[in-house]
Structure formats: structure tokens, C-alpha cells
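Enquirer: Given next are the chains, with one letter for each unit.
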Amino acid sequence: MNFTAEQIAAYTGGTVDGDKDAVVTTFSKIEQAAEGSICFLSNPKYEHYIYGTRASVVLVGKDFVPKEPVGATLVRVDNVYETVAKLLSLYESMKPKEQGGVSDKAFVAASASIGEGCAIGPFVVIGENVKIGRGTRIHANAVIEDNAQVGEDCTIYANVTIYHDCVIGNRVVLHAGTVIGADGFGFAPTPEGYEKIPQIGIVTIEDDVEIGANSCVDRSTMGSTIVHKGVKLDNLVQIAHNVEVGANTVMSSQTGVAGSAKVGEWCMFGGQVGIAGHITVGDRTHVGAQAGVPGGNLARKGGAVLLGTPAIDHKVFTRQAAAAKNLPELVQEVQRLKKEIEELKQAKNG
Amino acid sequence: MNFTAEQIAAYTGGTVDGDKDAVVTTFSKIEQAAEGSICFLSNPKYEHYIYGTRASVVLVGKDFVPKEPVGATLVRVDNVYETVAKLLSLYESMKPKEQGGVSDKAFVAASASIGEGCAIGPFVVIGENVKIGRGTRIHANAVIEDNAQVGEDCTIYANVTIYHDCVIGNRVVLHAGTVIGADGFGFAPTPEGYEKIPQIGIVTIEDDVEIGANSCVDRSTMGSTIVHKGVKLDNLVQIAHNVEVGANTVMSSQTGVAGSAKVGEWCMFGGQVGIAGHITVGDRTHVGAQAGVPGGNLARKGGAVLLGTPAIDHKVFTRQAAAAKNLPELVQEVQRLKKEIEELKQAKNG
Amino acid sequence: MNFTAEQIAAYTGGTVDGDKDAVVTTFSKIEQAAEGSICFLSNPKYEHYIYGTRASVVLVGKDFVPKEPVGATLVRVDNVYETVAKLLSLYESMKPKEQGGVSDKAFVAASASIGEGCAIGPFVVIGENVKIGRGTRIHANAVIEDNAQVGEDCTIYANVTIYHDCVIGNRVVLHAGTVIGADGFGFAPTPEGYEKIPQIGIVTIEDDVEIGANSCVDRSTMGSTIVHKGVKLDNLVQIAHNVEVGANTVMSSQTGVAGSAKVGEWCMFGGQVGIAGHITVGDRTHVGAQAGVPGGNLARKGGAVLLGTPAIDHKVFTRQAAAAKNLPELVQEVQRLKKEIEELKQAKNG
Numbered sequence: 006m007n008f009t010a011e012q013i014a015a016y017t018g019g020t021v022d023g024d025k026d027a028v029v030t031t032f033s034k035i036e037q038a039a040e041g042s043i044c045f046l047s048n049p050k051y052e053h054y055i056y057g058t059r060a061s062v063v064l065v066g067k068d069f070v071p072k073e074p075v076g077a078t079l080v081r082v083d084n085v086y087e088t089v090a091k092l093l094s095l096y097e098s099m100k101p102k103e104q105g106g107v108s109d110k111a112f113v114a115a116s117a118s119i120g121e122g123c124a125i126g127p128f129v130v131i132g133e134n135v136k137i138g139r140g141t142r143i144h145a146n147a148v149i150e151d152n153a154q155v156g157e158d159c160t161i162y163a164n165v166t167i168y169h170d171c172v173i174g175n176r177v178v179l180h181a182g183t184v185i186g187a188d189g190f191g192f193a194p195t196p197e198g199y200e201k202i203p204q205i206g207i208v209t210i211e212d213d214v215e216i217g218a219n220s221c222v223d224r225s226t227m228g229s230t231i232v233h234k235g236v237k238l239d240n241l242v243q244i245a246h247n248v249e250v251g252a253n254t255v256m257s258s259q260t261g262v263a264g265s266a267k268v269g270e271w272c273m274f275g276g277q278v279g280i281a282g283h284i285t286v287g288d289r290t291h292v293g294a295q296a297g298v299p300g301g302n303l304a305r306k307g308g309a310v311l312l313g314t315p316a317i318d319h320k321v322f323t324r325q326a327a328a329a330k331n332l333p334e335l336v337q338e339v340q341r342l343k344k345e346i347e348e349l350k351q352a353k354n355g
Numbered sequence: 006m007n008f009t010a011e012q013i014a015a016y017t018g019g020t021v022d023g024d025k026d027a028v029v030t031t032f033s034k035i036e037q038a039a040e041g042s043i044c045f046l047s048n049p050k051y052e053h054y055i056y057g058t059r060a061s062v063v064l065v066g067k068d069f070v071p072k073e074p075v076g077a078t079l080v081r082v083d084n085v086y087e088t089v090a091k092l093l094s095l096y097e098s099m100k101p102k103e104q105g106g107v108s109d110k111a112f113v114a115a116s117a118s119i120g121e122g123c124a125i126g127p128f129v130v131i132g133e134n135v136k137i138g139r140g141t142r143i144h145a146n147a148v149i150e151d152n153a154q155v156g157e158d159c160t161i162y163a164n165v166t167i168y169h170d171c172v173i174g175n176r177v178v179l180h181a182g183t184v185i186g187a188d189g190f191g192f193a194p195t196p197e198g199y200e201k202i203p204q205i206g207i208v209t210i211e212d213d214v215e216i217g218a219n220s221c222v223d224r225s226t227m228g229s230t231i232v233h234k235g236v237k238l239d240n241l242v243q244i245a246h247n248v249e250v251g252a253n254t255v256m257s258s259q260t261g262v263a264g265s266a267k268v269g270e271w272c273m274f275g276g277q278v279g280i281a282g283h284i285t286v287g288d289r290t291h292v293g294a295q296a297g298v299p300g301g302n303l304a305r306k307g308g309a310v311l312l313g314t315p316a317i318d319h320k321v322f323t324r325q326a327a328a329a330k331n332l333p334e335l336v337q338e339v340q341r342l343k344k345e346i347e348e349l350k351q352a353k354n355g
Numbered sequence: 006m007n008f009t010a011e012q013i014a015a016y017t018g019g020t021v022d023g024d025k026d027a028v029v030t031t032f033s034k035i036e037q038a039a040e041g042s043i044c045f046l047s048n049p050k051y052e053h054y055i056y057g058t059r060a061s062v063v064l065v066g067k068d069f070v071p072k073e074p075v076g077a078t079l080v081r082v083d084n085v086y087e088t089v090a091k092l093l094s095l096y097e098s099m100k101p102k103e104q105g106g107v108s109d110k111a112f113v114a115a116s117a118s119i120g121e122g123c124a125i126g127p128f129v130v131i132g133e134n135v136k137i138g139r140g141t142r143i144h145a146n147a148v149i150e151d152n153a154q155v156g157e158d159c160t161i162y163a164n165v166t167i168y169h170d171c172v173i174g175n176r177v178v179l180h181a182g183t184v185i186g187a188d189g190f191g192f193a194p195t196p197e198g199y200e201k202i203p204q205i206g207i208v209t210i211e212d213d214v215e216i217g218a219n220s221c222v223d224r225s226t227m228g229s230t231i232v233h234k235g236v237k238l239d240n241l242v243q244i245a246h247n248v249e250v251g252a253n254t255v256m257s258s259q260t261g262v263a264g265s266a267k268v269g270e271w272c273m274f275g276g277q278v279g280i281a282g283h284i285t286v287g288d289r290t291h292v293g294a295q296a297g298v299p300g301g302n303l304a305r306k307g308g309a310v311l312l313g314t315p316a317i318d319h320k321v322f323t324r325q326a327a328a329a330k331n332l333p334e335l336v337q338e339v340q341r342l343k344k345e346i347e348e349l350k351q352a353k354n355g
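Order-wise, the sequence lines are chains X, D and A. This note's numbering numbers the first residue of the first sequence as 6 and each following residue consecutively. This note's numbering numbers the first residue of the second sequence as 6 and each following residue consecutively. This note's numbering numbers the first residue of the third sequence as 6 and each following residue consecutively.
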């Protein structure tokens with residue numbers, strides 16, 4: 006990579022503010038930027054770094070007004086974050102592609118079909134009747150069990166497990182250690198112990214889904230657990246059996262969705278969120294980190310911003326939290342009032 | 006599978022309400038049921054689906070009274086959930102068994118012993134002196150380290166790791182990615198940093214335990230971490246070193262039990278529960294999702310239903326939560342009273 | 006192992022109180038100790054066990070004063086926990102070492118370099134240009150991707166994944182299933198869905214770090230996610246992209262640190278703690294189990310002990326929690342006062 010500020014501005018639809026011939030060869034974080042690198046400023050918390058940065062080029066918003074002189078050349082763009090994504094994608098696309106082909110150390114069942122241009126790493130296991138779409142890359146030691154299907158241009162990282170019969174769409178990314186299709190957690194109590202309820206359903210992961218490392222999506226009891234198009238799940242996320250996650254919903258790390266919950270589209274969940282079983286969470290619901298959603302109309306109707314356990318409207322939560330903060334003082338206030346009333350009563354009776 | 010309503014009723018001890026010759030060939034969820042399928046109604050939340058279902062047969066409770074006409078044939082049984090489990094198990098048992106045998110791509114140490122009828126997948130590693138009981142199935146890329154023992158009729162899914170010397174009972178199911186016997190988290194602080202405390206104990210998993218995907222049970226410092234008979238752990242559960250989990254206890258996903266805690270029998274923990282280290286949780290304790298149990302007499306004596314962090318009796322929790330909800334109003338009420346007292350005092354002195 | 010109390014005292018700088026010729030051959034927990042074993046008493050909660058123990062030797066603190074007669078020989082030391090660590094390390098060092106060498110079932114790329122004395126298990130994958138330092142042990146089915154570096158005397162357990170280009174220091178221990186270097190969770194919203202922001206950075210794990218099973222450390226967007234020297238992470242911990250964890254910080258199981266957070270040195274986090282993104286947590290901050298740290302001055306300055314969500318000073322938390330406990334009574338008290346004021350007003354007006 007070797008670009009001038011002018012070339013970058015042209016590629017990103019931005020404008021140059023400074024030396025249009027400034028050259029960059031790599032990316033850097035604004036707080037650690039070295040000469041010859043391009044960095045970006047999006048979060049205002051990091052603004053102070055721009056005044057001392059050694060980066061040659063900094064991407065900033067169209068409306069950014071420096072409070073002090075900036076040594077670097079600025080490239081001004083409409084949406085900094087999107088532009089960074091675009092530039093990084095360009096950078097990635099310029100990398101030489103790894104060689105494809107099926108490793109002679111992989112195990113591919115005779116009845117499996119592997120599309121053109123796939124790359125299958127060593128010690129990958131592809132079970133009977135598995136179908137892998139063209140251009141899909143499967144890293145070392147991943148296991149795709151019998152009758153599963155994986156679409157085109159997917160990336161399945163190392164040590165992933167996809168259980169039998171599950172269906173994965175196109176352009177899906179599954180990070181290392183993720184498990185798709187383990188049995189849902191279903192047991193019927195008997196006096197002697199719990200009896201397993203066989204989980205005869207599957208998991209369906211639609212197109213353009215990305216799932217982080219060591220996450221789990223369980224197969225359904227019957228039918229299918231469904232993760233719809235464009236969903237992004239972070240690491241260590243749990244999606245239980247019979248759940249449905251709506252398109253373009255995003256869940257941060259260590260979030261858990263309990264069995265048979267139905268989550269809408271375009272939701273955003275912070276880290277360590279819990280969603281109760283058998284509830285509905287409407288479209289565009291935002292849930293703050295560590296909140297626990299037990300259900301209810303507010304969650305169901307969509308568009309809410311929820312905080313706390315049990316999760317409530319964020320404004321109500323903030324008001325309650327403020328009151329809770331002053332609770333010890335309130336207790337003292339009530340004691341003072343009690344004493345004053347006592348005095349008033351004695352005065353009256355005295 | 007191809008059964009009539011009459012055959013199902015005979016097998017499950019139920020009664021037919023409708024066409025006894027209705028034929029089903031598959032299972033379905035009540036909300037997505039197609040013709041020729043059997044579904045079930047257990048949770049009343051789903052009752053409205055029964056009036057429009059296209060399923061041919063619906064399993065319902067003996068006492069179910071439809072509020073509207075139902076097109077499907079009903080099979081009435083004592084315990085719907087148990088009956089579903091029974092039918093699904095029958096269905097599973099009718100599936101053709103996968104072929105057994107040890108894959109020639111597995112690595113089995115010369116000193117290991119493999120029981121009759123085992124199925125060992127490709128790239129499985131069986132260490133020195135390992136003993137695998139008969140009928141056990143080990144999926145691809147699982148690793149059983151030196152001197153570990155696995156009992157009969159177990160299922161060890163892909164990419165599971167069992168560390169050296171650990172002992173697994175009979176009919177145990179370990180889902181993909183689960184790790185049994187990693188070192189307990191023990192370090193002694195020194196001025197220069199933490200010094201590792203070797204964890205020379207093991208993990209013992211007793212008969213009929215099932216553990217979900219990507220869960221962890223750590224080996225003990227000395228002696229054994231113990232998961233007793235019939236315990237069911239969901240995905241991403243953490244059992245720390247020196248813990249003992251009593252028989253038939255059930256823990257939902259992302260629950261964590263800290264070191265040296267002792268959990269009783271027949272407990273039920275919701276998702277994301279935390280149990281503090283070195284505490285005792287008595288038999289039949291129920292802990293609500295996201296609750297944190299720090300110890301105490303209530304947890305110790307057993308039979309409690311606990312909510313919140315720190316977890317308290319669920320009725321007390323509910324009462325406190327209701328009061329907290331109205332806290333902003335309480336603050337205003339106290340302000341009003343204060344003003345009235347002020348007026349009373351001025352009236353008296355005026 | 007076969008030691009007398011006298012030998013143990015000599016090795017640990019302790020003093021014998023009882024039979025100096027008492028012989029021990031193994032370790033045990035104080036509550037399960039058998040004859041011929043050595044156990045220890047550090048946590049006072051376990052003191053009652055010492056009066057009935059069948060252990061031959063018990064390690065106790067220098068100042069321990071038995072309340073009843075103790076049958077076992079006591080070895081008195083300055084720091085019980087450190088001494089146990091020392092003895093267990095001695096015990097471990099006496100075990101016969103496993104044979105080294107590279108398994109002929111491993112896959113090692115031609116351009117990779119493997120140091121002297123390494124042990125590489127079956128079905129391990131070592132990618133192109135990977136460098137493994139001498140004395141490092143890599144267990145079965147672990148995957149080290151292209152251009153990654155692993156230092157000397159590390160232990161990489163089974164089914165670990167290290168993504169391309171990541172850098173691991175010396176004496177690092179990574180437990181089974183852990184994933185180093187998966188993509189950070191970065192997506193830019195567009196009207197059609199989320200666009201992936203390529204994560205072109207790496208992960209750096211410095212010397213003497215230990216990471217538990219199934220944990221995740223994500224690669225940074227640019228530059229490096231850094232886990233500094235001596236850090237200890239438990240199982241199922243999440244370290245997001247661009248995070249920096251200071252030296253000798255300890256995090257218990259299921260803790261999550263969100264993107265771009267900067268955690269100081271010598272911090273201690275309990276289980277299931279959440280740290281918000283883009284915040285600073287100062288040196289020696291202690292965070293109680295399940296707490297959620299949103300940022301703020303108290304967390305930033307270091308040395309604080311934090312509890313709750315949002316996390317606050319532990320003393321303030323305790324005071325608020327005590328008040329919250331009595332909240333239902335406070336509500337009743339306010340109702341009583343209201344009535345009394347009403348009566349006073351009526352008396353005045355009557």
C-alpha cells in the first residue's frame with residue numbers, strides 16, 4: 006500500500022486539507038500513529054491526540070474544526086467510520102490471496118461435494134453428503150458433520166464445529182471455536198432424574214451473518230433455530246434452541262438468548278445481556294450491557310432503549326437510579342421529619 | 006416414521022380425540038406445523054396456535070378444553086412434555102445408526118484401550134493409557150489426553166478436550182468445544198507477579214451427565230472437581246476448580262460457579278447466574294437468571310427461590326423491586342411532607 | 006514423592022510442631038485428607054476440619070493457635086498459600102517429563118521454524134513462517150496460523166487457535182479451546198445492513214501470561230490488542246479489540262472487556278464483570294463479581310474497590326444496598342408520617 010492524500014480523497018469522496026502529496030503506507034491508531042501512516046478521528050474522546058499525532062494523514066469529519074494547529078494532512082469525509090471501513094477493505098483486497106485447494110491432510114467424505122475455488126485446510130473433516138459452495142474457505146481442524154450445507158464465499162475458521170444437517174448461507178463468517186447445532190437444552194424431569202428430549206431440528210444461518218469466536222447456536226427441538234440475514238454476533242454469545250434472530254441484529258459479547266425467544270430486526274444488544282425464553286423483542290430494540298429482559302409490552306413493541314435487570318425504559322431506569330443513589334439521605338430525611346412531627350405533636354398536646 | 010393417532014395413543018398411554026387413523030410422518034412446532042406432522046401444546050402461551058394449526062395430530066394434556074374448534078386430531082396424555090420426550094426418543098432410536106469403528110485417520114496411543122462397538126472419528130486423539138468404554142462415540146478432532154477414562158455409551162462431540170487423568174462416567178454427553186480438566190485458576194501473589202499453583206487434581210464426571218457446547222469444568226488443586234450423576238449443564242457454563250455439583254442439578258447457559266463452591270442436588274439455575282466461591286448452595290435451590298449468590302444461610306439450607314445480586318428470597322426481592330420502582334415518587338412525597346411540616350411549624354410559631 | 010515433616014519444613018523455611026518423622030506421599034484437601042497425605046489450612050472457614058483430619062501433616066500459618074488438640078503434625082510457615090504453591094511446583098517438577106518431538110501426524114509448513122526441545126502433538130497445524138521458540142509444548146489439534154510467533158517454554162493446549170500474525174511471548178500458557186486473534190467486532194451501519202470493518206491489527210500476549218479455557222482475545226482494528234506481562238485470565242473471558250490489559254492483572258471467569266478499554270496493572274476482577282468500551286481502569290482497581298464498570302473518575306484513578314452495575318465505591322454500594330433492603334419499611338414509615346401530618350393539620354384547623 007502506497008497512497009497520497011490526494012488519492013485517498015479521490016477514492017473516498019473527501020477533500021484534502023494540507024499537503025496533497027503526503028504519502029502513507031500503513032494504518033495506525035491515532036494514539037500510536039507513526040510517520041507515513043494514516044489514522045482517523047471519529048470519537049471526540051480522542052480529539053486531543055490529533056494535535057500531537059505523527060501520522061501523515063488523518064481522516065476527519067467534514068465539519069471538524071481543530072482547536073489547535075494540526076501537523077498532519079487532513080482528509081475530510083462525510084462519514085469517518087464508513088470511510089475507514091472502505092479503506093481497510095481496499096487494503097485487505099490488495100493482499101495476496103492464500104492458495105486454495107483441498108489439503109491432502111483433510112478428510113472429505115466420498116459423498117460430499119466441494120465447490121470450485123474452495124480452500125480446505127489440514128485436518129478439516131467434511132462428513133457424508135455435505136455440500137460446500139464455491140469460494141468457501143475452511144480453516145484447519147474445523148468439522149462439518151454429515152448432511153450439513155455451507156454456502157458460497159464463506160469463511161469457517163479453525164476448530165469450528167457444524168453439527169449434522171445444519172444449513173449455512175452465503176458469505177457467512179464463523180470464527181474459531183464456534184459451535185453451530187449442538188443439542189438444545191431440553192430435558193423432562195422425572196422422579197429419578199432428567200430425561201433427554203431429543204433435539205431433531207436444525208440451525209439455519211442466513212447470508213452475510215458473522216459470528217465471533219466460541220459462540221454457540223443450538224439446534225431446535227423441531228424445525229429450525231434461525232439466524233437471519235446480516236446478523237452479527239460477537240464472541241461467546243449463546244443462542245438457544247428454537248430462537249429466531251431478526252435480520253441485521255447485532256449482539257455484543259457474552260450475550261445470551263434463552264430458548265424460543267424471538268428477537269426482531271436491527272436490534273442492538275450490549276455485552277452480557279440476557280433475553281428470557283419464550284419472549285418477543287421487537288425490531289430496533291436497544292438493550293444496554295448486562296441488562297436482563299424478562300419480556301413485557303415495552304420489549305415486544307420494538308424501538309425501546311432498555312436498561313437494568315429486569316430491563317425497563319432507559320429514562321425510567323436513570324430516574325430510579327438517581328433516586329436510589331440518594332436513598333441513604335432520604336432515610337435520614339424521613340427520620341428528621343419524624344422527629345419534627347413528634348415535636349409538633351408534643352407542642353400541640355403540651 | 007409413519008404412525009396413526011391410534012398407534013401414538015397406544016404407545017404413550019393416551020386417548021384419541023378425533024380421527025384415530027390420522028397419519029403423521031414428522032414432528033413440527035405448533036406455530037409452523039404442516040399437514041402430516043405431529044406437534045404439541047404444553048405452554049398455554051401457545052394455545053392460540055392450536056386453533057389454526059395444519060398439523061394432523063396435536064399432543065395435549067388430559068384436561069385441555071379447547072375454547073374454539075380444533076381441526077387436528079388430539080391425543081390426550083398425562084404429561085405432554087414427557088410424552089414428547091418419549092416420542093422423540095422413539096424417533097431417534099429408529100434412525101439408522103452411523104457406522105462404528107475407529108477411523109484410520111484417528112491417532113490412538115498403543116497403550117490405550119477402546120471398548121467394543123466404539124466409533125472414533127477422524128483426527129481424534131486418544132492418549133497413552135486412556136480407557137474408552139464400549140459403545141462410546143467420539144466425534145472428529147476431539148482430544149482425550151493421557152490416562153483419562155471415558156465410560157460406556159458416551160457421546161463426545163467434535164473438538165472436545167478432556168485433559169489427562171480425568172474420569173468420565175457412563176452415558177455422558179459432552180457437546181462440541183467443551184473442555185474438561187483445564188487447570189483451576191490458582192495463583193499466589195508475590196511482589197513480582199503471580200506464581201502458579203499447580204493443579205494436581207482431576208475432574209470426575211459421573212453417569213448420565215450432559216454438558217453443552219464450549220463449557221468448562223476445571224481440574225481441582227488436589228482431589229477432584231466433581232459433577233455428580235444426572236447433572237445437566239447448558240452451553241458456556243463455567244465450573245471452577247474444587248467445585249462439587251450435586252446430582253440432577255441443572256444450570257442454564259453462561260452460568261458460573263466459582264472455586265470450591267458446593268452445590269446441592271436438584272438445583273435449578275437460570276442463565277448467567279453467578280455462584281461465589283467457597284459457599285454452599287443447598288438441595289433444590291432455584292436461582293433466577295443473572296442472579297449472584299454470595300452465600301448465606303438462605304442459600305445454604307436449600308429449597309429457596311433466589312433472585313437478584315446479591316441474591317435474596319424471591320418474595321423479598323419482588324417487594325423491594327416494587328418499592329424501588331416508586332422511589333422517585335417517594336422522594337417527591339417526602340418533599341411534600343417536609344413542606345407541610347414547615348407550614349405547620351410556622352403556623353404554630355406564627 | 007516421599008517426604009518427612011522435617012524435610013518439608015527445611016524446604017519451606019518452616020518449623021515442625023509434632024512428629025518430625027511423619028511421612029507424606031501425596032497431597033489432599035483438608036476436608037478429605039487420608040493418612041500419609043499433607044494438606045493445608047489457610048482459609049479460617051475450614052479450620053474445624055483440622056481437628057478431625059487424618060492427614061499426617063498440615064501446613065498452617067506461623068501464628069495458628071489450635072482451639073482443640075490436633076492429631077496431625079503441623080508445619081508452620083510464613084505464608085501458607087505461597088508455600089503450597091512451592092510444594093506443588095516441586096511435586097510437578099518431579100514428574101517424569103513427556104517425550105518431546107514433533108508428531109509425524111502434525112502438519113508443519115515448510116517455512117515454519119520450530120525451536121529445540123519442542124513437543125508438537127498429533128494434528129497440530131503450524132502455518133507458513135510461524136516461529137515456535139524452544140521448549141514450547143503444543144497439544145493435539147491446536148492451530149497456529151501463518152506468520153504467528155510463539156515464544157519459549159510455552160504450553161499451548163489442545164484445540165487452541167492462534168490466528169495469523171499474532172505474537173505470543175515466553176512461558177505463556179493457553180488452555181484448551183482458547184482463541185487468540187479472531188476479528189474484532191467492528192461493523193459500520195449502512196441502510197442495507199452492516200459493513201465489515203476489516204481488522205488488520207494483531208494480538209500481542211506478553212511473557213508469563215496464562216489464559217484459561219475457551220477464552221477469546223480479539224485482534225485489533227489497527228495496531229495491537231495487548232495483554233501485558235504476567236496477566237492471568239480465567240476461562241470464558243472476552244478481551245475485545247484494541248484493548249490493553251496492564252501487567253499482573255487478574256480476571257475471573259466470564260469477565261468481558263469491551264473494545265478499546267485500557268485496564269491498568271495489578272487489577273483484580275471477579276467473575277462475570279463487564280468493562281465498558283473506550284474507558285480507562287486505573288492500576289490496582291478491584292471489581293466485584295458481576296459488576297459493570299461504565300467508566301468515570303473513580304475507575305480511572307485506580308486503587309478503587311467497585312461493586313454493582315453501574316459500579317460504584319464498595320462502601321457507597323453497601324450503604325445504598327442496606328437502605329434498599331429497608332425500602333418497603335421506609336415506604337410504610339412515610340405513609341404513617343403523612344397520616345400524622347394530616348391529623349396535625351386537622352387538629353390545627355379543627
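Be careful, since some hints might not be right.
Pairs count within a copy or across copies, as identical chains cannot be separated in the list.
[Stated by the list, open to error] Within a straight-line C-alpha distance of at most 30 Å, the following computed DSSO-like cross-link-like pairs (lysine-lysine) qualify: (1) Lys136 with Lys350; (2) Lys50 with Lys110; (3) Lys25 with Lys267; (4) Lys320 with Lys330; (5) Lys306 with Lys110; (6) Lys201 with Lys306; (7) Lys102 with Lys91; (8) Lys72 with Lys306; (9) Lys50 with Lys330; (10) Lys25 with Lys353; (11) Lys25 with Lys350; (12) Lys330 with Lys343; (13) Lys234 with Lys50; (14) Lys234 with Lys344; (15) Lys25 with Lys201; (16) Lys72 with Lys353; (17) Lys25 with Lys67; (18) Lys353 with Lys102; (19) Lys320 with Lys102; (20) Lys91 with Lys110; (21) Lys234 with Lys102; (22) Lys25 with Lys320; (23) Lys136 with Lys25; (24) Lys25 with Lys50; (25) Lys201 with Lys344.
Hints were generated in silico from the structure; no laboratory data involved. Predicted model, so just to flag it, every value in this text is computed and none were measured.
Enquirer: Now tell me if each hint is right for this structure.
Expert: Each hint, compared with the structure:
1. Lys136 with Lys350: This pair counts as neither: shortest intra-copy Cα distance 86 Å, inter-copy 83 Å.
2. Lys50 with Lys110: neither (49 Å within a copy, 51 Å between copies)
3. Lys25 with Lys267: neither (51 Å within a copy, 34 Å between copies)
4. Lys320 with Lys330: Classified as both; 15 Å inside a copy, 12 Å across copies.
5. Lys306 with Lys110: neither (52 Å within a copy, 53 Å between copies)
6. Lys201 with Lys306: Cα proximity of Lys201 and Lys306: across copies only (29 Å, versus 35 Å in one copy).
7. Lys102 with Lys91: For Lys102 and Lys91, only the intra-copy Cα distance (19 Å) is at most 30 Å; the inter-copy one is 50 Å.
8. Lys72 with Lys306: Between. Shortest inter-copy distance 27 Å satisfies the 30 Å Cα cut-off; intra-copy 44 Å does not.
9. Lys50 with Lys330: Classified as within; 27 Å inside a copy, 34 Å across copies.
10. Lys25 with Lys353: neither (86 Å within a copy, 81 Å between copies)
11. Lys25 with Lys350: neither (83 Å within a copy, 77 Å between copies)
12. Lys330 with Lys343: For Lys330 and Lys343, the Cα distance is within 30 Å both inside one copy (22 Å) and across copies (20 Å).
13. Lys234 with Lys50: Between copies only: 28 Å across chains, 33 Å inside a chain, cut-off 30 Å.
14. Lys234 with Lys344: neither (64 Å within a copy, 59 Å between copies)
15. Lys25 with Lys201: between (67 Å within a copy, 28 Å between copies)
16. Lys72 with Lys353: For Lys72 and Lys353, neither the intra-copy (66 Å) nor the inter-copy (61 Å) Cα distance is at most 30 Å.
17. Lys25 with Lys67: within (17 Å within a copy, 73 Å between copies)
18. Lys353 with Lys102: neither (92 Å within a copy, 90 Å between copies)
19. Lys320 with Lys102: This pair counts as neither: shortest intra-copy Cα distance 50 Å, inter-copy 56 Å.
20. Lys91 with Lys110: Classified as neither; 36 Å inside a copy, 42 Å across copies.
21. Lys234 with Lys102: Only inside one copy: Lys234 and Lys102 sit 26 Å apart there, 34 Å across copies, limit 30 Å.
22. Lys25 with Lys320: Intra 47 Å, inter 56 Å, cutoff 30 Å: neither.
23. Lys136 with Lys25: neither (50 Å within a copy, 41 Å between copies)
24. Lys25 with Lys50: Within one copy only: 27 Å inside a chain, 64 Å across chains, cut-off 30 Å.
25. Lys201 with Lys344: neither (62 Å within a copy, 58 Å between copies)
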